[in-house]
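J.: Sequence:
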Amino acid sequence: MNIIKRKDSILDIDQYEKDFERMLKGFINAASFEEQNVQFERLNHHRLAYQAAENEARIHYYGDTANDEYNKQYAFFQDFEPRWLWMTGEYYREILNAKFREQLKSQWGNQLFKIADIKLKTYSDEVQEDIRMENRLVSEYQELLGKAGIPFDGKELRLSTLALYLGSPDREVRKAAFEAKSGYFKHHASDFDRILDELVKTRNRIAKTLGYSSFVELGYDRMHRTGHTPNDLVQYRKQVKEHGVQFISALRKKQLNRIGVSKLKYYDESYFFKNGSPSPIGAHQEILKVYRAIFRELSPETGAFFDELMEKGNVDVESRTNKMGGAFASYSGPEVASFIFANFNGTSNDVRVFAHEAGHAFQFYMSRHSNIHEYIIPYDSCEVFSFTMERFVWPWMERFFGEDTQKYQFSNLTEAFIYMPVVSVVDEFEHFLYEFPTATTQVRKQKWRELEHEYLPERDYDGNEFLGQGTGFYEIGHLFTTPFYYMDYDLAHFAAVQLWIKQKDDPKSAWESFLKICKQGGRLPYPELLKSANLESPFEDGSMERLLEKVKSWIDQVDDRSF
176 MNIIKRKDSI
186 LDIDQYEKDF
196 ERMLKGFINA
206 ASFEEQNVQF
216 ERLNHHRLAY
226 QAAENEARIH
236 YYGDTANDEY
246 NKQYAFFQDF
256 EPRWLWMTGE
266 YYREILNAKF
276 REQLKSQWGN
286 QLFKIADIKL
296 KTYSDEVQED
306 IRMENRLVSE
316 YQELLGKAGI
326 PFDGKELRLS
336 TLALYLGSPD
346 REVRKAAFEA
356 KSGYFKHHAS
366 DFDRILDELV
376 KTRNRIAKTL
386 GYSSFVELGY
396 DRMHRTGHTP
406 NDLVQYRKQV
416 KEHGVQFISA
426 LRKKQLNRIG
436 VSKLKYYDES
446 YFFKNGSPSP
456 IGAHQEILKV
466 YRAIFRELSP
476 ETGAFFDELM
486 EKGNVDVESR
496 TNKMGGAFAS
506 YSGPEVASFI
516 FANFNGTSND
526 VRVFAHEAGH
536 AFQFYMSRHS
546 NIHEYIIPYD
556 SCEVFSFTME
566 RFVWPWMERF
576 FGEDTQKYQF
586 SNLTEAFIYM
596 PVVSVVDEFE
606 HFLYEFPTAT
616 TQVRKQKWRE
626 LEHEYLPERD
636 YDGNEFLGQG
646 TGFYEIGHLF
656 TTPFYYMDYD
666 LAHFAAVQLW
676 IKQKDDPKSA
686 WESFLKICKQ
696 GGRLPYPELL
706 KSANLESPFE
716 DGSMERLLEK
726 VKSWIDQVDD
736 RSF
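Here the sequence shown is numbered in my numbering, starting from 176 and rising by one per residue.
Heads up, a few of these hints could be off.
As the list claims (entries may be wrong) - Straight-line C-alpha distance at most 30 Å; calculated DSS-like pairs for lysine-lysine: (1) 620 <-> 428; (2) 428 <-> 725; (3) 322 <-> 294; (4) 322 <-> 376; (5) 677 <-> 691; (6) 725 <-> 677.
Said to hold, decoys possible - Derived CB-CB ranges, DEER-like: (7) 409 <-> 454: 39 to 47 Å; (8) 468 <-> 687: 18 to 26 Å; (9) 721 <-> 428: 17 to 25 Å.
These aren't lab readings, by the way, just hints derived from the structure by calculation. For glycine and all other residues, C-beta sits at the position ideal for the given N, C-alpha and C.
Given the sequences, and given the hints that come with them, work out the whole structure.
T.: Laid out in structure tokens, this is it:
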């Protein structure tokens, strides 16, 4: 018998499948809408039990990759995924064929049925082994990053702890740290090339088997993109080229003058102030304590959310050996309790990352009443909530940064924009990868470098031949693990900045708009979610130019030379 151990219960996977089949049969045979609706709720609650157990296995494994039991649990879910996808497919198929489908849509929203329609296309028994292969390759990539040991400053550092040196005020230290990091990627270049090549081929094979013309279509369906298309992204990237690149060039010029160099090098790009980024007051426990007070003051809803988060101990932010790098928000347990995972390293990014993940976790908290996983964790709009929360906590940043508060706010706003062209590079590169799946490794690297020249004209690798060969994508995790997700960050940021502008003018109205979309969660596709909050779509011609004008107005009021 396969079992999944949890802190508060044991999920018997064999019994779980039997219960699923029984509930699905009850749903199919329901004689009235009321009866079918009850069975629908039971099915969704049952699905959440599995998702919660899977999430918890991931949380445990990421928290301690050296723990054998956690490794086994995590591996089990990976191996079981094809079966889970089959069960999910049966659920989707039957809700689409439901006797009382129109009444269910009226009560629960049309988006779930749109998702069901496209998700049915993304799986069949014929691709089980390829999906297992894809998961194994993703895990191999994650282990290369998570277990990276980089010799530097007499220590062996993880990528997360090396960040302290990457942002050093000493330019030579920064350069050496970046060289040490690229040295790790160079040492494992053949692994990264092989993993990407096998992922592209495997995903292309899955797409073809499922009847797609390419993985691009399958990738969009996996991302639940029911509201926008590749052509919308072409239009957006066009605006980035026409207005974004020029805007970022102006920001880079300001940065160059601030840090006092004659020309920006690649190891200067993330160094924004001559005396370094502002450092938060207090260690990780103090940061959590301050945030608890902030969220209690922000609103009754955020106060209750944060109290639950802390009381359940659902926060893991301390960096340690054998802990996976990065940050994410998730949920676990039958009550769908939010969880925040991060790796604090003593930089201002700790404050930003926690607000970001808290935005995700708060949206989960506000959407969990739906009892539908697809609404609790929306794919195509989830980053809207995280980026917005980063900005909505600005009024309290003095508690972390004191006299450096405006410095933090300036960096929080401008740095997100500075990465806008990087996101477009990744997105266009991903489309290239899967539109031309047989391209050689060398051609892929040439394409990456070509896109860097196009979107990042200031980038100077200062003689680093390895990066100059087009290997900068090795460290873009989403490109390997979740293709086509990366652009969601930029599209979400576009919406979040609009909410921030509203907050400056009318805080109460802005908060009500944010709370409204948090409750909606994944109930609406990205373009409709924006419309419900009276926000402009990034796909509309001229929208980028209008947004950047307002942002520039705020930036021009700040004397960044004082930083």
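J.: Work down the list of hints and note, for each, if the structure agrees.
T.: Hint-by-hint comparison with the structure:
1. 620 <-> 428: This hinted pair holds, its Cα atoms lying about 28 Å apart.
2. 428 <-> 725: holds, 19 Å
3. 322 <-> 294: violated, 33 Å
4. 322 <-> 376: Distance of about 26 Å is within 30 Å: holds.
5. 677 <-> 691: holds, 15 Å
6. 725 <-> 677: holds, 11 Å
7. 409 <-> 454: 39 to 47 Å: holds, 41 Å
8. 468 <-> 687: 18 to 26 Å: Distance hint for residue 468, residue 687 holds at roughly 22 Å.
9. 721 <-> 428: 17 to 25 Å: holds, 23 Å
In summary, the one numbered hint that this structure violates is 3.
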